[in-house]
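The chain contents come next:
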Amino acid sequence: MTRDFTLSLVGAGGDGVVTMGDMLARAGAREGLNAMKTDAYGPQIRGGESSSAVRLSPDPIYSQGDAIGVMVIFSWAGFSRFKSEITPSADAIIFHEATDPVPPEFKRGEGMAIIPVPFIEIAKAASGTGASKNIVALGMLCGLFHLPEAPLRASIERRFKKKGPEVVASNLAAIDAGAKIDFAALASDIPDLNARIEAKKLDYTPGKPKLLMSGNDATAIGAMYAGCKFFAGYPITPSTEVLQILGEWLPRVDGRVIQTEDELSAFGAVVGASFAGVKSMTSTSGPGLSLMTEMLGLASIAEIPSIIYNVMRGGPSTGIPTKSEQSDLFQAVFGGHGDMPRAVLAPADVEDSFHCIVEAFNISEEFQIPVIILNDQLIAQRIETLDEASLVHEIKDRKAPTEEELEDYKRYRETPSGVSPMSAPGIAKGIYQTNGLEHDEYGSPNAGYLMHEQMNAKRFRKLWGIQSKYHFVRRYGPEKASVGILTWGSMKGPAEEIVKRAAARGQAVSAFIPQIIMPFPKSELDQFIASCDQILIVEQNYSAQFYKYLRSFADLPAGRTHVYKKSGGRPMTMVEIEAEMLKILEPASEPAEVMA
Amino acid sequence: MTETTTYKANDYKTELKPVWCPGCGDFGVLNALYRAMAELQLVPADTVMVSGIGCSSRLPGYVETYGINTLHGRALPMATGVKVSRPELNVIAVGGDGDGIAIGGNHFMHTARRNIDFTYVMMDNEIYGLTKGQAAPTTPTGDKTKSTTYGNPEHSVDPCELAISFGATWVARAFSGDIKLVVDLMKKAIQHKGFSFLNIISPCVTWRGDDQFKEVRAKLAYLPADHDPTDRAMALRYTRETDKVTSGVLYDVITSSLDEELEVIHQKALKVKDHPTFKEIVSTFY
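Quick mapping for you: the protein sequence lines, in order, are chains S and R. Heads up, the first sequence is in our numbering, so the first residue is 119 and it goes up one at a time. Heads up, the second sequence is in our numbering, so the first residue is 226 and it goes up one at a time.
Quick caveat, the hints were computed from the structure, so don't treat them as lab data. Glycine included, each C-beta is placed from N, C-alpha and C at the ideal position. You may find that some hints are simply not true.
[Stated by the list, open to error] Below are the DSS-like pairs computed for lysine-lysine, each with C-alpha atoms no more than 27 Å apart in a straight line:
id	chain 1	residue 1	chain 2	residue 2
1	S	547	R	233
2	S	517	S	587
3	S	280	R	496
4	S	279	R	233
[As the list claims (entries may be wrong)] Some chain R residues flagged as far from chain S (calculated, every beta-carbon gap over 12 Å):
id	residue
5	263
6	282
7	299
8	309
9	313
10	338
11	431
12	438
13	450
14	457
15	480
Bound-form chain R, shown alone (with noise of 0.2 Å):
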């Protein structure tokens, strides 16, 4: 790819039309994805999106860069192999809350913990869509779905909250309705060193209800102007709120990725023995 190519939005789109239902908030994120990635000029060939299962991870499908949609729940172990393996390559995460958060829990914290420098786009919608409207880890107290006929019986959990606890070194929130924040916000978090995490609140108009996107709108709250990302207490305020969706970066902080590290290791190995040949490496075992 030479550096003189210019690519547009309309650059990032595959032939592949989305399966997503009319009025999926997911359109909007991808629209995003497209105008981010032609606004900070990614190259294509160098780009890996990884995703998990669910409605949203068929996401790098219709993006035109190199691509895996993976299994549920493990977008993060193989996108960290992939970044870990090639660290020059532009490495974006995608997928659900239930992916995630629920078979992805586990992978997610670690993910964070490590701070490894990709970007992990969630698109949240509280329900599990793909299988039509069962109860998400983020689904709140109370409510019916396919799998919750009484209501559901569990407390919800909150994506950002999580990552900040994790470890994530940039956390931010937005709805997908608003594209020009969500375009931003994606810039922001694929050039931060580190892992970033995006919450994007993505409403499932088909197993939440069409009323999801004037609800989600209703609570759009932006964080103050005084807002400081570096402070963790404060960040971990705008978390966990049922009346708001407060957009934004809630934290933004930066400390050595996994990447930077495995480096130090390596150099730190090669002064121990820098490229033995094989017979050497064997001749340790006389």
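Extracted from the complex, chain S is given alone in its bound form (with noise of 0.2 Å):
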């Protein structure tokens, strides 16, 4: 028995991997199972190879997990394209379609069990077709690694009413089939087999049911729980989930959604709709946010409230779209002309997205500037289970300018904290015009050098306010560590899990990811630095884009600060971070690269 099992699927177009790994996420979350799933598609628009890896366990999941225990392949030639993303364990149990022999190629571990299944034949016969191959493979999971079965076949009831009660009773009959197939003649060379499966067996007890969301979902259920009423966007991979979700939700609030003709548009109508008193967003990834930068610096002068959700996908240009990498960190911290202060948030986790964009909500509305949320596509696309009760954030709105500060009102009046009276369309009182020249406290242009540096240090002095305000930031570990891992985003995961694993070892491992990027919670960063013998900066960019930027005002101790980064494509794992922390706590082996 084990309390972690990691399953990934793969196959051709129209195999069914994705549906399947779907319903078993699904299924264990009813169980009340944490679940993650992710999915990875080659580059066809449509059919094409897909694989999908669902990782169930009782305990938390930090990862996806590095290596897979338990495989279906449905097709070699699609398992061939992920190779470099999928590793099976050295005791994997790998089932494959029988009509597909291995491939030579096939790098076949001494403890790996490989068995043919003939999915299809028994398909055919369960079910009268072939397609129902998937439904067979999950059928014959459930039976073998004590899976949720109840909630999938309750699924599968679900999922098939539709079509009426003949699919539904061949798809239940494919369940069955896949449940009772005899592995005795199947893998009569593996003796072993039934204790192979037996180490392989989930072992859980049925809890309350947990819900099932991607990053994606999490912000666009945050952005309504927040209160936005206004969302305009342009489609572009990672992101368009959010767009998807709002088109169909938003309306039932009474909100309004836009798909505009690109992302300048989409950004200047969020930008317009909050100069009107709406809470607004948009969302985009790498290219779109190149253009939204143009509209950024008007936010930023204008102190307009805005909330961009760019999810971070391969770049520079098209890059690589459906994979993930944190390199949009310059662009989203430095990008734009002039001085132009902004807001950066970065959630860790599936909630920790529901958090953010409730929070970017919150700093933009009470600071009145625009505020980027960077999620990793590793998150934002990625299913995981939570729990309702976690989904609670304060929600703080605009205020409304007083009467006093109507009196003479000044749109952009000197304050100690930077942040002036909004007024909005209707406040007959409160009328002003502005624009993205700079400006005076009525708003009026003003070229003066005085002026400039004024409004320069009243809108910068709002990053004081809100540094002392949010704190947002995770830390795991002991107090004092040997080595503390610094990383943000997706990257959280597989750190948390090392912290743990390190502590189980008797070593002093600790770890620190901040949610709010810009302004960074430097005094949070100090003590860290403080408290750790060594530093291990861990990223996925080339280019150490965290690493650099942390320098510009953190003092990260030459000697002992190292960097771990990484081109994005392929999730850097739990084991290979790992490995890096270990080579500077034993530096008897190679030292990781030390870059300051």
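Hints in hand, dock the two standalone chains.
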């Protein structure tokens, strides 16, 4: 028995592996298990190879898992496309479609059990069609590995109800046929198969159902929770789901959604709607963020609350649109001409995606500043379980100007916080004309250098307020550590797991993951750096953007700061990061690149 | 704002003095706007002026309503955001020909196509004035400008022709020296339900020469009495004219506007699920 079941499903177009992964993760969530599912696709618009990785456990799940325990392969050609992304464990049990024999180039590990299964034949016999081979495989997995079969059957009934009782019955027959596969005949060459299967059986007892959603889902519902009533967007992978979900749901709560002609227009409409007093946001990815950076300057100088939810994919240019990379950091924190304050947040998991969007609205509305959220594709498009009780967050709304403030109303009045009273159309005494030109307290254009200095100072002062009020940071591990891992975004999962494993070995390893990237929680960072003998910065981009960004304001001690960075395209695994950490902890081996 | 208040043209003036050159055609447009607003009794607090960048885009600063002088070419997206999120507001976008057709051309096409219910006034001087005299997409072929030393090598466009082709439902042209007509057309444009486009030939005396007013006046013509503004082909006949500046309402049809269509969608969505609580929304993820 195991408390950690890792599965990878690989197929060609039409094999239905993504549906399989989805059904299994959902079944797990209904039984109260923790679940995480990540899909990968080939570049084809429709069809083509695809894979789905599912991890189920009664314990917390930090990442997708490094080595896969169980695999179902419908197409070896498909598998070969994902070879660099899917690593079977040394003792993996691999089921493959019997009519597609193992190719000679497949590196068969000595401990692996590779079993040909006539999925198509069984499916045909049970349900009349080979197309239900994925359902046969689901039945087989449930039967062998103690996966949640009852909710799976229920979900089949729900999913196929519309297609009629015959379709439901034939799919249930496919499940049953899968559960009854006789492995004594199929795997006669693996005498200890039963023991191997027993070792991989999931050990759990059913609990309270959990929610299952992606980072994009969590962002969309978080936006509604925060009171967003206007969304404008342009389709772009991997953030389009937000446009789609809000397009469906926002009108039900009196909100408005428009799809614009480009990202310039999308963020322009958002800033316009927010000027009109309505909580507004857009979503995009790297290429769109480049275009939106133009309007970001106006939002910053005109001090108009506005949100860009940016899902990072491989870049530059079109790059790798479907895969994760943390390379939009510089664009988000430094992008744009002129001195332009903005806030930047970065969720570290799906649940954080909810908290970050609500926090982004809070910061934006309270400080009248544009806020960019940088989510990793890896979080935005994977689905994972969470507890409904965790979806609670304080909501702050924009303050209307007081009667006193409306006497001789100054839209950009000097205040100690830098935040001035913001009026909106409809308020008779609050009429003002704003612009992207430097302006005086009334908003009238002013090209004097003293006014420019004064207004820059006023706008940048808001960052101090945000920094002192918003401490959105995760810290794991002991107060004093031999190695401190400093990372962000989706790297949180592996980092948290590494800290736990190190503690079990008696090693003092800590991790620091900021969810607010700009203004950076500097005092917390300084404290963390001081508490660790060695610092390991981990990030998924080629040019070490996070490290360089930290260097711009933090004193990272020379000689004891290490950087482990890598281009995107494949999730960084816990094991590879742990190996880097161990090199620092046990310097007998090769040290990681010292960049200070 | 109480309904008993009466607004006079002067009530729409701000304290800011226009930065425009003496003799600029935009003064006529601004004065006509004050008068049109007064005649329609537009409530300043419920009105938003949106502009891009250019000489004429300074206009919102001179009008006592809510106003945004946005980025070069981006007036229409921001005006769209204002109107979609607050359909009850009067929204008027203004700007120049370079702003609206060159850098903002894509937005012009799609805003017209959506037939969103606001007015776009384009002050057309056939030149980039603020950057001191470079050729615009409206500059006639062969004209010498600061950026076309040997004459403009490009073909020009007619903004009204574009607007009609893009799907604007109300399109008119006027000359800024023809104040009475401009006031009348502005009122009609603002009252039109849908996207209304008013192209005002507004001469730039500094970069197109002192003779511009005389030249435009000499070309000034009016639509014949039997012009049918619902006839697209007939409307297009009065575009791309080189020898004439034909004024009046070229095109005027009624079709559903974006805000009306979004309200239809709103009602459809409410039928599926009327004001779900957050708990109800979340429960769909089990």
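Checking each numbered hint in turn, tell me which of them this model violates, lowest number first.
Structure breaks hints 4, 6, 7, 8, 9 and 10.
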